[in-house]
Amino acid sequence: MSPLLQVKNVTKKYGGLTANNDISFDVSENEILSVIGPNGAGKSTLFKMISSFVPTTSGEVLYRGERISNLKPHMVARKGVVRTFQETTIFKSMTVRESVVVAQHLRAKASLAGYFWGSKTAQQDVDSFGRYADELLAFLGMTAISDELASNLPQGNLRALGIAIGLATDPKVLLLDEPFAGMNHDETMRMVDLVRSVRDERGVTVMLVEHDMPAVMKISDRIVVLNFGEKIAEGTPSEIQNNEKVIEAYLGSADDEIGM
Amino acid sequence: MMNLSAKHVLGVAIFLLVIFVGVPLFIAATGRWDFYFTLTSVALLAIASAGVWLTFYIGRINIGQGAFALVGAYVSAILVVKAGWSFWLSLPAAGLFAALVAALLGLPILRLRGVYFAMITLVFTQVATLTALALPITNGAKGITNIPLPSGVSLFGITLIPDFGEIENARMAFYFTACILMVITYATLYRLVNSRLGHLCRSMQQNEELASSIGVNITYIRILIFSISSFFGGIGGAMFGSISQSVYPATFVVKDSVDFMLNCFLGGLGYVFGPMLGTLVIYFGWDLLFEFGKYQLLIYSIILIVVIRFLPDGLLSIRFSKGGKK
Amino acid sequence: MQRRTLMKAALTAVTLTALQTTTALAENPVLKIGFVGVTSGPAAAWGISNQRSMETRAAWINETGGYEIGGTTYDIEIVSFDDQKDPKRAIAGMEKMAQEGIHYVVGPNVDDGAAAVRPVAEASDIMYFPYAFPKELYTAPASNAVLGMIANYQSGPAIYKHLMENEGVKTVAFIAANESDPLSQRDGGVAAAKELGLDVVSDSVTYQVDTTDFTPVLTPILRSRPDLLVLSGVSPANAPQLIRSARELGFEGLISTETAQDAGVLAEGAGDLANGFISVGGASTPELASPMMNEFVDRYTKMFGEYNDESNTKVYALEYILETLKATPEAIDDVSAFKASMDSFSAPNPYMNGDEQLTYVGMTSFGQKRQIAVPLVVNVYQDGAFETMFIARVD
Amino acid sequence: MEQILANGVYLGSQYAMIALGLTLIFALMNVLNFAHGQMYVIGGFVTYTLYGQWGIPFVLALLMSCITLAIIGALIEKYLFAPVIKGSSREESTMLLAAGIAFLLDALILLVFGEKQRGVPKIVDGVFNWDFRVIMPYDRILICVLAILSIVAFIALMQYTKTGRALRALAQDRTAAQLMGVNVDRYSMIGFALGALLAGLVGGLLVTITGINLGMGGPTSIKAFMMVMIGGAGVISGAIWGGFILGFLEAFGLAYLSQYGDITYLLIFVSLMIFLAIRPQGLMGKPWG
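Chains as they are written, first to last, in my numbering: chain A, 1 to 260; chain B, 261 to 586; chain C, 587 to 981; chain D, 982 to 1270.
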């Protein structure tokens, strides 16, 4: 079976700077794959290219054999590859439930005009959105805060809200942007379980970009390591732990890591 | 249509009763016939302001509505005077043409945000005025004058709309027309904001990146909204041209664009009916202060400053619920 | 919410109006004359000179016992409305005048305002005296507007002809602000100049009204070295700067305009460089001004601190209205009587020495008498004051 | 050609000064000050009254213009902008306030100084004429030099004084500045006063050449907005660039496009729109949002 997501020779240059150089790897269906690397390794640039938030300089990203790089972001989302953001990127003045309802935009059956006139399909959509939002929030354990304004939520909940918004679009692949950043150990472990259950119970393939080594080791099926814009290793957590290049890269920039 | 509570229905009914029955009775009783024009102006300016409000809803400060009102006024005037169209046909045409201009213009400029979008629309207002001065079809500096009043419309011999030139009280006719248009505009706006499109706009207003990550085609919605908003501007402008029976390059200028924006701010950006109230207060307020002679502007500006100082989120922020009445 | 506010606003309005009418009570019955024009913002000077000349005259009349029309002595009250140079407001202003029961209104000051108020004025039986030049306002079927001054297409040819004959002017250049009124006036001037056989060497240069430096604007036009530079429809604010820049650039020909200017403004803004500047004024040059004109200027100065020479022409509209009403008392609330009397009306001009008459003119330009006959006094600015260059008449 | 360049420098120097004050206020408080032009007009009228009417020496009159505007600016910031910024849930609300203040100042100018165009006697007589290639009256040259000196002084102030450094820190990042111990409220007020002072200074300088009238406020604000946008909003070097670019654009535009008559300005504005659409952050600014 061909891989779900393929990153093929992707390169990104900003002026003279090369953020990513000739990176290739695959993501298989139902897998949790993490991309790690020290600061400035080019993780977030790669992440943005996969979700088409920035264009590639060369190379391409394929989803089920279809190119999804260098499109408009919403086109990628429509194909089923959806990214999340770090906590500051939320719908500030919507409640949790409202956010999750809006995020189901892609699943709407009625047209915009249909909604305007209040057609029957639109009515059904609205009902189903509400039901699904409640179900999703229950699944994520967020029912208690569903009527809170997003701007009033604490950090940990914001991350969960981000994932809820992403899941509400009914994605095939969910791209998580540093889901564990700034969390303490307990919160991280809870998030690890949550991400697992997203994959296990909802059949969503997960790719994440992360700093937190222990969490990544725990959650990932496979890991891709970047350093200075290059891919230096790929493999299972145990393979990566014993990879000399990886150890060197991390030791070399140990100060930065502590600085985080 | 959907989930309008009894309270809402009552509110709407009272509102309609006031503007269509209450105001005419009040005017007849007090003899203040000049209120007809003032209120007609308020209704028309409120239509244009509704458009500005809508662009706020996708997070853009629009100081270009004067340009679209001018476009609308000219399109209608040219169609009526030079092509002999009925005013009632030229009215939607004016709105559509303004919407078309907005779509073409919006393609490059809607990528901008904040003051950048505000400034470019402000410059566009200047461009519209200067274009009207330079083009032959607009008659340049001389403007288009002697525009006939709206003609009648009849279907199968039944008069649907009387000829404004022949009826006794054209001001009243214009008042009713403007009010009907305003009611339609705000009903549309209300539905828009409370339907899915409105939710998507709100999501864009708050975070365009996140909106596009959940599959919202932000480019399309921005242009759609900007076109709708300019459609309102075009309609408002065309009606004004018809009332004054003349259009000049200076009929709508930068000051009007700024005024439309202020109407929205004053009423409150968070409320659908904010621009309507804002227009009423700003326009009517000026007229009421007429009695103060040369201190009119002074008093007017002081009141404005006091309001914004103590109600920075607009007049409607006194009420805490969201969404306006209806 | 807005219902309540609307009602409140409406109630306040009624109370205010009620108050106003009661305070206006005096011994004599009051005759209200309206003014709709711009008295704030960039063009405030136009309307204010208008409004103040009316108020000065009204106060003078009231002080001396009122104005007798048809056996009744009236106090004159001026009701002013600031239209902010916005045609939409101008309509509201005219509605307000109709509301006050006023049939005679001076203004508006600009073309678009004058055109916009026409439907209201005609519907509410208001005669209005705009300071705007579009001919369709005064030509039939329009019949309620009376041009309150001399149009540039009337004064222009007279000035050009005089300068051709007496100063040997052969080439002329035009410059105008990029706005409706000045551009229309420029087009009119160019046509008139061509008809007289003048060589128009430049007619395309325009400037924005907010220009602060006219050197770059004038540089190309002066390269064509015209004998006469016409500042079409120039505002009193821009005139001194234009004159100064042109002179500083070494221009030695004549400079003229067809609008009224203020000597004080010219003196402050351009000083001696303005000497020789030709403009159109009323009758306040010493040899023409009657004692009444001088008293008017005195009273105006006392009332408002400073006179404005633009009022020399603007004093006339009110005088015409009152004199015509005196001649035809029933016209006080019958506009058609006013119109009927316009053809034959004639009264001595109180502001000018000699036996000048106040009459309505305009047959040549409009085909009907819809213009007040202000003496076309062409002035030359010299060392802080205007001197009469020549006087002409409009028919 | 020399004449066009000279015109450009002259126009540019005065425009740059107007834009500087506006951009300073924008950088510090994120307020698009609609009343900037009115402040400029007040500066002009103060100098007119003191120098033109009362015969006080020009330099003193100019100083008084600056002081008056600094006080007005400080008061407006302290009692109007600061509380509104704190109390409002949207940044844009300040635009309504700024517009209200513009109306208020317009009304006050009309009541205090009247509606007429005002001018003062020339401060220097004579015209510099280089073989008819460059013609420039001496007073213009003087004002141009003074304007450039003021710009230099302003930059020096921002670079080398404690106040300047605090203001720059504030402009860059409000929260960070606060953490660094900058008294944000105080320096916002100082910054606003400084911006207003600049407007007053230009007004005072230009009254000797162009005179002043109450109508100059609005258009001046709009022109200043455009310069700020060309250079990049909230960037000081951007405002200077923007001022000079608009100055040269006008000088060249008027010289080469005048034959097309009425569309000269149309072309200038359209090219401005295209420029802004392509490069919204202006020449020097950072992209927004």
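I should point out that these hints are in silico values taken from the structure, not numbers from a laboratory.
Treat each hint with caution, since some may be false.
[Unchecked claim] Once the Cα atoms are required to be at most 27 Å apart in a straight line, the calculated DSSO-like pairs of lysine-lysine come out as: (1) C:Lys721 - B:Lys554; (2) B:Lys342 - C:Lys618; (3) C:Lys756 - C:Lys780; (4) B:Lys402 - C:Lys780.
[Said to hold, decoys possible] Quick partial rundown of chain D residues pointing at chain C, CB under 10 Å, derived from the structure: (5) Ser1069; (6) Glu1072; (7) Lys1103.
Positions of the beta carbon are idealized from the N, C-alpha and C atoms, including for glycine.
To see whether the hints hold, each was checked on the structure:
no.	hint	in the structure
1	C:Lys721 - B:Lys554	violated, 32 Å
2	B:Lys342 - C:Lys618	violated, 40 Å
3	C:Lys756 - C:Lys780	holds, 11 Å
4	B:Lys402 - C:Lys780	holds, 20 Å
5	Ser1069	violated, 20 Å
6	Glu1072	violated, 25 Å
7	Lys1103	holds, 7 Å
Comparing the model with each numbered hint stated earlier shows that hints 1, 2, 5, 6 do not hold.
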